[in-house]
Amino acid sequence: MSIDKAATRDLILFVRNYTDMLEKQLLESRSLMQEAVDGVMQSIQAISDKTATKKKQANQVIVNTYTNPDAETRATMDSVQDEVNKVLEEAMSGGAPAAVSSTAKRDSDDLRNKLRRSAGIFSKHMEALETLDTELQDVLLHMMGMLSRDDVIAQRIEHVTGAMQAMQMSLSYMLVDFETRCSKDGVERFAKDLKQFVLRSYTMEEERRVHWAVFPEDKAKKAS
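Add 117 to the 1-based position in the sequence shown for my numbering, that's all there is to it.
Calculated directly from the structure, the hints in this document are not laboratory data. One should not assume that every hint holds.
Unchecked claim - No more than 27 Å apart at the CA atoms, straight line, and that leaves these computed lysine-lysine pairs for DSSO-like:
#: 1; residue 1: 309; residue 2: 336
#: 2; residue 1: 309; residue 2: 339
#: 3; residue 1: 339; residue 2: 301
#: 4; residue 1: 336; residue 2: 141
#: 5; residue 1: 338; residue 2: 141
#: 6; residue 1: 172; residue 2: 141
#: 7; residue 1: 309; residue 2: 338
#: 8; residue 1: 141; residue 2: 339
#: 9; residue 1: 141; residue 2: 309
#: 10; residue 1: 122; residue 2: 309
#: 11; residue 1: 122; residue 2: 301
#: 12; residue 1: 167; residue 2: 141
As the list claims (entries may be wrong) - Between beta-carbon pairs, the in silico distance windows are:
#: 13; residue 1: 314; residue 2: 119; range: 29 to 35 Å
#: 14; residue 1: 316; residue 2: 165; range: 41 to 47 Å
#: 15; residue 1: 261; residue 2: 295; range: 49 to 55 Å
#: 16; residue 1: 151; residue 2: 289; range: 33 to 39 Å
#: 17; residue 1: 144; residue 2: 294; range: 34 to 40 Å
#: 18; residue 1: 294; residue 2: 317; range: 26 to 32 Å
#: 19; residue 1: 261; residue 2: 294; range: 51 to 57 Å
#: 20; residue 1: 316; residue 2: 144; range: 17 to 23 Å
Where a beta carbon is used, it is the ideal one built from N, C-alpha and C, also for glycine.
Based on the sequences and whatever the hints tell you, model everything.
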């Protein structure tokens, strides 16, 4: 019995297209993996940048408040120090506290108001620093989303591995009695069974999209 050359060409063409489809599936998995790695690295860099920025802001708050305060803050601190010095002088002299004059009361009220304003400015600076937790939470959620792609990538690689094993088994069966089994009907059945197997194994629309790009007739059958 002679070999059916037309069927053999059809078989070779199908195997070529089938392996091309598997290669495209692997390239898609590689792209997903690269995106996941890049996303995690970007998240790590974002965390580093945010913490560095907040540290710089915190240092600036301390410098502005204590080391190099602005004119209003310095005036408030000087007023507080003056009041402290007065109290200490009275305590050291042992004299009885003098009656509180209206001027002294006004000075005291003015000092309290300055302290409130200074505390308010400092509080606003600290509130800005406290947003770090929220900002990092968003970055960490993004990182977790990138890491969760591992399951998707693993599934797609498993599907490609299963498809390769299925082709190997089907080819082995055909090669056992190639002259008889490599017929027009045999090759059509070979191709149909393999394509049905891989289509059933897909769990993601992206996998079907890659498959249909190589075998558009399967998409047409699905639509009909």
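Right, here's what the structure says about each hint:
1. As the CA atoms of residue 309 and residue 336 are separated by approximately 13 Å, the hinted pair is consistent with the 27 Å bound.
2. Proposed proximity of residue 309 and residue 339 is supported: the alpha carbons are some 14 Å apart, at most 27 Å.
3. Pair hint residue 339 plus residue 301 holds up; C-alpha atoms about 23 Å apart against a cutoff of 27 Å.
4. Distance check on the hinted pair: residue 336 and residue 141 sit about 17 Å apart at the alpha-carbon level, within 27 Å; holds.
5. With a C-alpha separation of about 22 Å, the suggested pairing of residue 338 with residue 141 holds against the 27 Å cut-off.
6. Distance hint between residue 172 and residue 141 is unfulfilled; the C-alpha atoms sit about 46 Å from each other, more than 27 Å.
7. Restraint check for residue 309 and residue 338: the C-alpha separation of about 12 Å stays at or below 27 Å, so the hint holds.
8. As the CA atoms of residue 141 and residue 339 are separated by approximately 21 Å, the hinted pair is consistent with the 27 Å bound.
9. Distance restraint check for residue 141 and residue 309: the Cα-Cα separation of roughly 20 Å lies within the 27 Å cut-off, and the hinted pair is therefore satisfied.
10. For the hint linking residue 122 to residue 309, the alpha-carbon distance of about 20 Å falls within 27 Å, and the restraint holds.
11. Between residue 122 and residue 301, the direct Cα distance comes to roughly 10 Å. Compliance with the 27 Å bound is thereby established for this hinted pair.
12. As the CA atoms of residue 167 and residue 141 are separated by approximately 38 Å, the hinted pair breaks the 27 Å bound.
13. A C-beta distance of roughly 30 Å is found between residue 314 and residue 119, which places it inside the suggested range of 29 to 35 Å.
14. For the hinted restraint 41 to 47 Å between residue 316 and residue 165, the CB-CB distance of approximately 45 Å keeps it satisfied.
15. The given range of 49 to 55 Å is respected by residue 261 and residue 295, whose C-beta atoms sit roughly 52 Å from each other.
16. For residue 151 and residue 289, the hinted distance range of 33 to 39 Å is satisfied, since their beta carbons lie about 35 Å from each other.
17. The supplied range of 34 to 40 Å is met by residue 144 and residue 294, whose beta-carbon atoms lie about 35 Å from each other.
18. Between residue 294 and residue 317 the beta carbons are some 27 Å apart, a value that agrees with the proposed interval 26 to 32 Å.
19. The given range of 51 to 57 Å is respected by residue 261 and residue 294, whose C-beta atoms sit roughly 54 Å from each other.
20. Against the hinted window of 17 to 23 Å, the Cβ-Cβ separation of residue 316 and residue 144 comes to about 19 Å, which satisfies the hint.
Consistency with the previously given hints fails for numbers 6 and 12, ordered from lowest to highest.
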